Amino acid sequence: MIPEPNGFTRRAWTKATGIAAASVAAGSIVSEESCARSPQRVQPWAPVSIYRAATYSEELYDLVRLIITEHSLDVRGKRVVLKPNLVEFDAHTVINTNPKLVHAALEAFRAAGAAEVRIAEGPGHRRITLDLAEAGGYFATVPQFESLFTDLNLDEITRVHLVNPQSKLTSLFLPNTILGCDLLVSMPKLKTHHWAGATLSMKNLFGLVPGGVYGWPKNVLHWAGIPECIADLHALFPHAFAIVDGIIGMEGNGPIQGTPRSAGVVVAGASPVAVDATCCRIMGLDPVRIRYLQLAAGEHNLSEQLIPQRGERIATVAAHFAVLPALEGLRLPS
Amino acid sequence: MMRYSEDLLGRQNADGGWSYHRGGSWTEPTCYAILALATSGASHTAEVRRAVEWLRRCQRADGGLAPRESVPESTWLTALALLLPPELDSIDRKRAEAWTVEQTGRESGWVNRLRLWMLGADSSGDSLSFEGWSWYPGTAAWVGPTAISLLALEKLEKRGRPEDGAGLRKRIEEGRSFLLVRRCRDGGWNHGSTRALGYDSDSYPETTGLALLALHGTSGPEVTQGLARGEQHLATCQSSQAASWLRLGLGAHGRTLPAPADAPGKQTVEGTPALPMHGGVMEIALAALADAAQAGRNPFLDV
Chain A
1 MIPEPNGFTR RAWTKATGIA AASVAAGSIV SEESCARSPQ RVQPWAPVSI YRAATYSEEL
61 YDLVRLIITE HSLDVRGKRV VLKPNLVEFD AHTVINTNPK LVHAALEAFR AAGAAEVRIA
121 EGPGHRRITL DLAEAGGYFA TVPQFESLFT DLNLDEITRV HLVNPQSKLT SLFLPNTILG
181 CDLLVSMPKL KTHHWAGATL SMKNLFGLVP GGVYGWPKNV LHWAGIPECI ADLHALFPHA
241 FAIVDGIIGM EGNGPIQGTP RSAGVVVAGA SPVAVDATCC RIMGLDPVRI RYLQLAAGEH
301 NLSEQLIPQR GERIATVAAH FAVLPALEGL RLPS
Chain G
1001 MMRYSEDLLG RQNADGGWSY HRGGSWTEPT CYAILALATS GASHTAEVRR AVEWLRRCQR
1061 ADGGLAPRES VPESTWLTAL ALLLPPELDS IDRKRAEAWT VEQTGRESGW VNRLRLWMLG
1121 ADSSGDSLSF EGWSWYPGTA AWVGPTAISL LALEKLEKRG RPEDGAGLRK RIEEGRSFLL
1181 VRRCRDGGWN HGSTRALGYD SDSYPETTGL ALLALHGTSG PEVTQGLARG EQHLATCQSS
1241 QAASWLRLGL GAHGRTLPAP ADAPGKQTVE GTPALPMHGG VMEIALAALA DAAQAGRNPF
1301 LDV
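Chains A and G supply the protein sequences, listed in that same order.
Residues 1 to 334, numbered by this note's numbering, are exactly what the first sequence covers, in order.
Residues 1001 to 1303, numbered by this note's numbering, are exactly what the second sequence covers, in order.
Since the hints were derived computationally from the structure, they do not count as laboratory data.
Note that this is a predicted model, so its numbers are computed, not measured.
A portion of the hints provided could be inaccurate.
Stated by the list, open to error - Which residues of chain A face chain G? A few of them, derived with a C-beta cut under 10 Å, are:
#1 162
#2 183
#3 215
To be verified - Which stretches of chain A does chain G cover? Using the computed rule of at least three CB atoms under 8 Å from a CB of chain G, they are:
#4 163 to 171
#5 198 to 209
#6 218 to 230
In this text, a Cβ means the ideal position worked out from N, Cα and C, and glycines have one as well.
Put together the whole structure using the sequences plus the hints.
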């Protein structure tokens, strides 16, 4: 890709302006180049699929291929970026998205004809991302991982302006790897979160914000309002595809110090809000009580009946995740 | 040291700066690369002069430095640039010094204390008592930028900064207190959040090394515990870059470290795991700086 003179790639500009036109309803972004607003809105929610997966086995490779087929993802000739959640130096706990699922997605999108599939992440606390990925098992699981990986904290960047932001932010620098891709695939772990209630495909987008500009942690997001910033980042990428690693999730004092909780599911879909709402219900949390989901959904109803469901029913896979006492109020009404 | 210098020179961008790994130049790796090259005796080479020229372009009208040319905002990197030898004449130091001295974490300001008080939250805790430095203006103070800013201000003080000596000393003392208060229960340091919702957080090797470096010359039970935790971290460290910070931090307190061994593509110190190096500029520069410190030349502390 040849950068434009202003450092913003042609593909990124096209993408950003395209995103803006398609995401206006949520109150979203545009690039440095201002973009006309349109009344277009995304409704109803895209279907959400729940698949059973008891372990991180070879079966995941077929499962992600099935997800791509079922959701009619046409990635032929396109650039795909997989965004896992990498948090800590540990291959043996459930803090990070399991590398096996990420590798399965890499292979599946390649098999589906993607021109390029990259893995990218910008951790919020630990600065040394490649070492973090190595300790997390990514080098051992994903052949040639280093050449496929972009540290989003240190990538080339472009400033994008937020239109009608919900947070106090008016603009954000974002990585060109993300602005320039055709499909962003958010691949979080199914975890409770001690501030936000739950950390899923939308909260995972905090990892797009470059630490190289904002620091470690990306504290500018905290002061601007965590739920509001999650909603703003979602509005920037409303068409991200979500694949949630709920095979073994984390309950209690997530996202770092919680305890492993086997949920035995992979949840996927093209509406991050609907995917995250479904994941909340699987964990026993009420998505209507999760502030960032409220903000991102806007006037759209998060009712379970309005989210088309495929595969397993929520009731058959539901797991009552433990939460900190302060978050008991987020539980689904019994 | 020589092998690291050659490696760094081979990675310099055409504009004079360095990227973190590949791509455009950033202020942080450029500063560390200059520091490593200057420590190796290459201060007056054409490569360092080009790097200094690039760095000048990142200084903003307010005196601070931005993370890269395309970013208009000044950030914590201003303090990092102040660690460069003054003879390099890299930036307008007076304005950069003034900018750094003025910065404080938002959490310790009266507006936030009033906000917390009105919300019924505890606004009197130790964590709000001491002023540190933030990564980005208008946000809270954290261990990383506070440690670097402390090192920069100490250099200014040692050089006999003529004006506002008392103010400088106060910031240095407050910064040290900030670091001591932000120590984790296990004795080391993480990014600066020791407890969340009543739960203790664990320390990280890299921030433990950096905090120990900034606390050089400080003693007491907190530092002793920090050093013990640092040694534990070094024995099990999984990151070359983190090991370099630990070597710098422990060495600054006179801890004897085994000599580094020459192992291409790996950082090896006797008694510690052989750590793979991924070729990042920070990783290479910090390994060079840790080696130099072990050889008796610590550019973070030497004036």
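Each hint tested on the structure:
Residue-level restraint check for residue 162 of chain A is violated (minimum Cβ-Cβ distance to chain G is 16 Å; threshold 10 Å). About 22 Å separates the beta-carbon of residue 183 of chain A from the nearest beta-carbon of chain G, more than 10 Å, and the hint is not met. With a cut of 10 Å, the hint placing residue 215 of chain A at the interface with chain G holds, because the nearest CB-to-CB distance is about 2 Å. Proximity of the stretch 163 to 171 of chain A to chain G, defined as three or more residues with a beta carbon under 8 Å from a beta carbon of that chain, is not established by the 0 residues found.
Under the rule that three or more residues need a Cβ within less than 8 Å of chain G, the assignment of the stretch 198 to 209 of chain A is violated, with 0 such residues. Residues of the stretch 218 to 230 of chain A lying with their CB closer than 8 Å to a CB of chain G number 4, which satisfies the three-residue condition for coverage.
Violated hints, in rising order: 1, 2, 4 and 5; the structure is consistent with all others.
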